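Visitor: From just these sequences and the hints, can you work out the full model?
2 protein chains.
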Amino acid sequence: MIEEKGILFILSGPSGVGKGTVRKELFNRKPDLKYSISMTTRNRRTGETDGIDYFYKSKEEFEELVEQGQLLEYAKYVNNYYGTPRAYVEETLAAGHDVFLEIEVQGALQVKENFPEGVFIFLFPPSLVELKNRIVNRGTETTELVLNRLKEARKEIEMMDAYDYVVVNDQVELAVSKVQSIIQSEHLKRERIEKQYKKLLEDEME
Amino acid sequence: MIEEKGILFILSGPSGVGKGTVRKELFNRKPDLKYSISMTTRNRRTGETDGIDYFYKSKEEFEELVEQGQLLEYAKYVNNYYGTPRAYVEETLAAGHDVFLEIEVQGALQVKENFPEGVFIFLFPPSLVELKNRIVNRGTETTELVLNRLKEARKEIEMMDAYDYVVVNDQVELAVSKVQSIIQSEHLKRERIEKQYKKLLEDEME
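The listed protein sequences derive, respectively, from chains W and U. As numbered in our numbering, residues 1 to 206 make up the first sequence, in order. As numbered in our numbering, residues 1 to 206 make up the second sequence, in order.
Cut-off 20 Å, straight-line C-alpha distance, at most; resulting in silico cross-link-like pairs (EDC-like, lysine to aspartate or glutamate): (1) U:LYS112 - W:GLU191; (2) U:LYS112 - U:ASP161; (3) U:LYS189 - W:GLU191; (4) W:LYS195 - U:ASP161; (5) U:LYS19 - U:GLU152; (6) W:LYS112 - W:GLU91; (7) U:LYS76 - U:GLU63; (8) U:LYS189 - U:ASP164; (9) U:LYS189 - W:ASP170; (10) W:LYS189 - U:ASP161; (11) W:LYS30 - W:ASP53; (12) W:LYS155 - U:GLU191; (13) U:LYS189 - U:GLU4; (14) W:LYS189 - U:GLU117; (15) U:LYS155 - W:GLU194.
Which residues of chain U face chain W? A few of them, derived with a C-beta cut under 8 Å, are: (16) MET160; (17) TYR163; (18) ASP164; (19) VAL166; (20) VAL167; (21) LYS178; (22) SER181; (23) ILE182; (24) GLN184; (25) SER185; (26) LYS189; (27) ARG190; (28) ILE193; (29) GLU194.
Simulated from the structure, these hints should not be mistaken for lab results. The model shown is predicted, which means the values in this text are computed figures rather than measured ones. A virtual CB, placed ideally from N, CA and C, is assigned to each residue, including glycine.
Guide: Here it is in structure tokens:
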């Protein structure tokens with residue numbers, strides 16, 4: 001048998017592009033993927049479980065882990081830290097499971113620095129006009145915020161350089177199928193499996 | 001709209017691995033692919049059409065084209081030349097269609113030299129034991145030939161280095177789906193489409 005390590009897939013893209021929707025539909029299809037569990041300093045809410053919803057840490061513990069390089073990325077929102085713990089990702093990959101991370105562009109770029117062997121997928125809006133409409137329709141933003149978001153999106157799209165793949169989110173179903181193709185074909189890359197195959201060959205020829 | 005050039009996909013692998021079966025099943029699924037049309041010096045048979053079944057050339061014409069670098073690969077069988085004309089491939093790609101070529105390993109390595117931007121897929125036998133059985137069951141080989149084929153297969157498998165992807169042909173349906181994933185995900189590679197996207201962005205922002 002061929003034993004293979006898992007692959008870390010990172011789905012990212014500008015705000016409003018529909019990352020969460022694509023991720024939900026992908027997981028509805030029951031793929032052979034583990035969702036990356038985040039670490040946070042915010043309080044555990046009723047119904048949440050440590051190690052399932054989040055890994056809960058104190059601010060001091062979190063900062064110590066950051067210091068030790070134990071976070072693939074992190075950010076502070078509303079006085080709490082949120083981040084991706086390296087240990088969970090590495091242990092899951094070593095056990096042969098793929099890990100899937102859906103994240104903002106800034107976070108993805110941090111992951112790229114700390115874990116360049118990940119496969120980075122950029123979710124692209126069908127057009128910036130539609131991106132604008134989507135943000136407006138969320139109804140949670142003022143016009144000024146929308147304009148700032150657009151400006152930000154422009155910068156984020158220029159960050160496409162750091163990614164391996166680009167998927168247009170024109171239809172969610174189609175975008176999810178494309179992400180699934182990327183996941184499957186990455187496992188077929190020669191450089192990933194060459195060593196295992198050469199070993200298989202040696203065993204057969206003896 | 002984003003205009004994209006087609007991609008040349010090369011399916012290859014050791015003899016007996018089932019390249020032809022995978023190619024037939026792939027085309028049964030009506031993919032958006034043009035099959036590469038070969039050039040030959042053998043006589044046109046009843047029912048065959050020039051430019052559909054083959055491009056038919058005289059020996060002199062063929063050798064002239066080889067001289068001019070107009071063949072991506074070629075070989076001589078039973079006193080006739082067979083090869084892949086560069087012009088047909090390049091014109092088809094320029095028109096935005098993918099081209100699919102199923103070919104022996106030696107031919108694939110020639111294509112790799114002459115057209116390195118192709119995507120090279122290596123079809124791998126589930127095991128060399130099964131490869132041996134398949135060759136025997138074809139019933140067209142003597143034992144000595146089988147042993148030679150196996151020796152050759154070993155060499156061919158070591159040629160895997162030249163390929164981008166490796167697909168195990170344990171089940172034809174599964175192998176075909178994997179090839180389809182590779183075709184789809186290659187179109188999603190960032191470096192292929194970055195320029196077009198940046199242009200799209202500029203148009204939208206004006």
